[in-house]
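**Q** Taken in sequence, the protein lines are chains P and F. Numbering-wise, our numbering puts 370 at position 370 of the first sequence, and it's gapless, one number per residue. Numbering-wise, our numbering puts 290 at position 290 of the second sequence, and it's gapless, one number per residue.
Source of the hints: derived by calculation from the structure; they are not laboratory data. What you are looking at is a predicted structure, and each value in this text was computed from that prediction instead of being measured. A virtual CB, placed ideally from N, CA and C, is assigned to each residue, including glycine. There's no promise every hint is true.
Claimed, not checked - Here are the computed lysine-lysine pairs in the DSS-like style, where the Cα-Cα straight-line distance is at most 30 Å: (1) K398/P <-> K398/F; (2) K192/F <-> K398/P; (3) K294/F <-> K398/P; (4) K398/F <-> K242/F; (5) K84/P <-> K398/P; (6) K242/P <-> K294/P; (7) K242/P <-> K192/F.
To be verified - Taking CB as the label site, the calculated pair distances span: (8) G102/P <-> R166/F: 54 to 60 Å; (9) R360/F <-> D304/P: 46 to 52 Å; (10) V182/F <-> A194/P: 53 to 59 Å; (11) P32/F <-> R43/P: 53 to 59 Å; (12) I152/P <-> R125/F: 27 to 33 Å; (13) D100/P <-> K242/F: 55 to 61 Å; (14) P103/F <-> A194/P: 29 to 35 Å.
There are 2 protein chains.
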Amino acid sequence: MIDFPFLSDICQPTDSRIVLLVVDGLGGLPHPDTGMTELQTARTPNLDSLAARSVCGVTTPVAPGITPGSGPGHLALFGYDPMKYVIGRGVLEALGIGMDLGPNDVAIRCNFCTVDERGRLTDRRAGRIPSSESAPLVEQLAAITIPGVEVIVRPVQDYRFVVVFRGDGLSEDVADTDPQRVGIEPLDPMCKTAAASYTADAARRFVQAARDLLGARRTANMILMRGFASKPDWPAFGDRYKLTPGAVAAYPMYRGLASLVGMDVVPTGDDFDAEIETVSSHMDDYDYVFLHYKPADTAGEDGDFDAKVRSLEYLDMRIPALLDLGADVLAVAGDHSTPSTLGAHSWHPVPALISSDSTRHLGAPEFSERACAAGYIGHIPASSLMLHLMAHAGKLDKFGA
Amino acid sequence: MIDFPFLSDICQPTDSRIVLLVVDGLGGLPHPDTGMTELQTARTPNLDSLAARSVCGVTTPVAPGITPGSGPGHLALFGYDPMKYVIGRGVLEALGIGMDLGPNDVAIRCNFCTVDERGRLTDRRAGRIPSSESAPLVEQLAAITIPGVEVIVRPVQDYRFVVVFRGDGLSEDVADTDPQRVGIEPLDPMCKTAAASYTADAARRFVQAARDLLGARRTANMILMRGFASKPDWPAFGDRYKLTPGAVAAYPMYRGLASLVGMDVVPTGDDFDAEIETVSSHMDDYDYVFLHYKPADTAGEDGDFDAKVRSLEYLDMRIPALLDLGADVLAVAGDHSTPSTLGAHSWHPVPALISSDSTRHLGAPEFSERACAAGYIGHIPASSLMLHLMAHAGKLDKFGA
């Protein structure tokens, strides 16, 4: 969270309601032919009109020049400093496939790899075998048992899967078995602290059992384990801001991120219309709602400029429905930029707007990277957006007399 | 102060002189009918012309979304990080009524309250009795003596008053006696550290004596003590920046804040004209002058848009006199926004301009929230404005070779 050390003194529960719409991968870069970004290219009359009535700015997700993954990008928007609140990779991988993690779980990112007859790595990703080929292998591994530890094995995609150890006395302080290069044997899962020797031993048994099950194969005949991580024990969002927060997201990863900070994850459907419906029917249950819109990021990741434009135009058509929700504060922000021209997440500042009764006439001429950068909020760390939302909702008392 | 850890290496005493005009509550919000803020509405040809010849920006007083009181707002402008340099409530209350506090003093915010026949609180503010009713009660309490501790009792307003304990061995680490709710007895003043038991004991004696004096009354028959605080021992502004600072303010609170950071508080009159006169006659005595203008905040707090506009127009007419002072750097800034539409302090960024010989042609088209937000300085923490002033005055050496 932003280091405002007196937050608990000034946060004030009120009846006002905040809706934060996170447009995944919102920011973009200009198309080389037109010089206009996806947001500038898209016909977005509703967002533009909303921007004119809002205060606008741009958010830096983590730090200048730093490209965030989904985890840090969202944590920042929730007001958690992503350089301080770091999510282990195993946990992220588990959240991404919708696994519920308990406090006694250690999650591990795993993948199939290929070793030669002397056990030396020849391919760290087993030729990136497709899910169709890896699925039966994952099923085989799911049969592995370790005394005293519950073992859960779940496929992710292609050569990747997740292993979760569940039980008392487990620890995340175990080193990766992936040596990060071929020609040598996978590393032994070494404990980094004495308290983790039991977990390292469980990992060793799992690897041995996997080798026994897969060893007869020519490829995908071994596994690598990385990112041992347990669910972090962070201050709950609701306690921190004295809010009753609800999260509405069609994708498991974002529900998982919301659950990490203790938000109430509301069951919803597969797409944005279903999400809006869910929010609409729960507006009386929460005074803060995190609403996630995925398609902009997907199109950006695909490097499909036109698809990202369309996803933003689709979003724009849903803005009236969002306004109809009747929130006192409606904010539109992004967890990071995903410029189609890069086909990937990027470090670029992300446009943001905050609409409330107190922001009339201070807005930007349109909702775009350039217009928001010149907006009244200016350039802010994404992790301080939450304070803006709280202030605009009238939920922050004065600091000092 | 802003965390530039090499400040003492680069601060350089010179003959140049800085005048910082703090317009209390400077920033505003648009009037719903016109879409224009107080600053935009006011006819301010001198400020606008000055802005055009200055560099402009907006300051965030404490942190995004945080509404500051006068204390944090001014400390930031003096270059002290208000999240690190926190003023106790008792001290602020004492400063507000112009009391001089010494290093051996503990100041306490007190108020009259009403208890029932069993000593349980029925009204934590004694019906908010007016000053006319509380004045004689304060006078009664002023007669209380405590062995070994000098006791000073001063009225503030209505039901509020200040008690200062003066003497050796006192400590601020005493808990409030206000339980924050009615139906129970006031709390005993408990020491939070062993070193504070002597002070807690003095407080206990004071409360007991007050009860004896007031107990026969039907209302305002008891007192509550809060915010035990001693004067902080902070690095002096003059030492930090190698300046000889003077403060000119008509209101006690602002003189008190200047004295907290060791500025020389210059006696002055009741209004801004008197203040300017005072500055004018002391320009050879100081190389930094803090000059305070109060009416904009007062009008904003009153929710009187037109009065705030008039206060800014009045100020504008005095700008030529400020320019005549001949300062090398003249800055106009605010401790916080006080939008008339809110009738209270707010978190909104505050316009600022810095005029010096090195700033011609980089200015803003007018002195307003919007124009300054797009200014060359951009959005800065208020606590870094001081570095800008020092730089423009040629008082900062190069950092690194």
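**Q** A separate judgement is required for each hint: does it hold in the structure or not?
**A** Here is how each hint holds up against the structure:
A hinted pair counts as satisfied when its Cα atoms are at most 30 Å apart, and K398/P with K398/F does not qualify at roughly 38 Å. Of the pairs offered as hints, the one joining K192/F and K398/P holds, with about 25 Å between alpha carbons and a cut-off of 30 Å not exceeded. Among the hinted pairs, K294/F with K398/P is consistent with the structure: their alpha-carbon atoms are about 19 Å apart, no more than 30 Å. A distance of roughly 16 Å separates the Cα atoms of K398/F and K242/F; the hinted pair therefore holds under the 30 Å criterion.
Distance hint between K84/P and K398/P is fulfilled; the C-alpha atoms sit about 26 Å from each other, no more than 30 Å. For the proposed pair K242/P and K294/P, the alpha carbon gap of about 28 Å is at most 30 Å, so the pair holds. Distance restraint check for K242/P and K192/F: the Cα-Cα separation of roughly 27 Å lies within the 30 Å cut-off, and the hinted pair is therefore satisfied. A hinted range of 54 to 60 Å holds for the C-beta pair G102/P and R166/F, which are about 58 Å apart.
Evaluation of the 46 to 52 Å hint for R360/F and D304/P yields a pass: the beta carbon distance comes to about 49 Å. In this structure, V182/F and A194/P meet the distance hint of 53 to 59 Å, their C-beta atoms being roughly 55 Å apart. Our hint of 53 to 59 Å for P32/F and R43/P is violated, since their Cβ atoms are close to 30 Å apart. Range check, I152/P to R125/F: about 59 Å between beta-carbon atoms, so the 27 to 33 Å window is missed.
About 60 Å separates the C-beta atoms of D100/P and K242/F, a value consistent with the hinted range of 55 to 61 Å. Roughly 50 Å separates the CB atoms of P103/F and A194/P, a value that falls outside the hinted 29 to 35 Å.
Consistency with the previously given hints fails for numbers 1, 11, 12, 14, ordered from lowest to highest.
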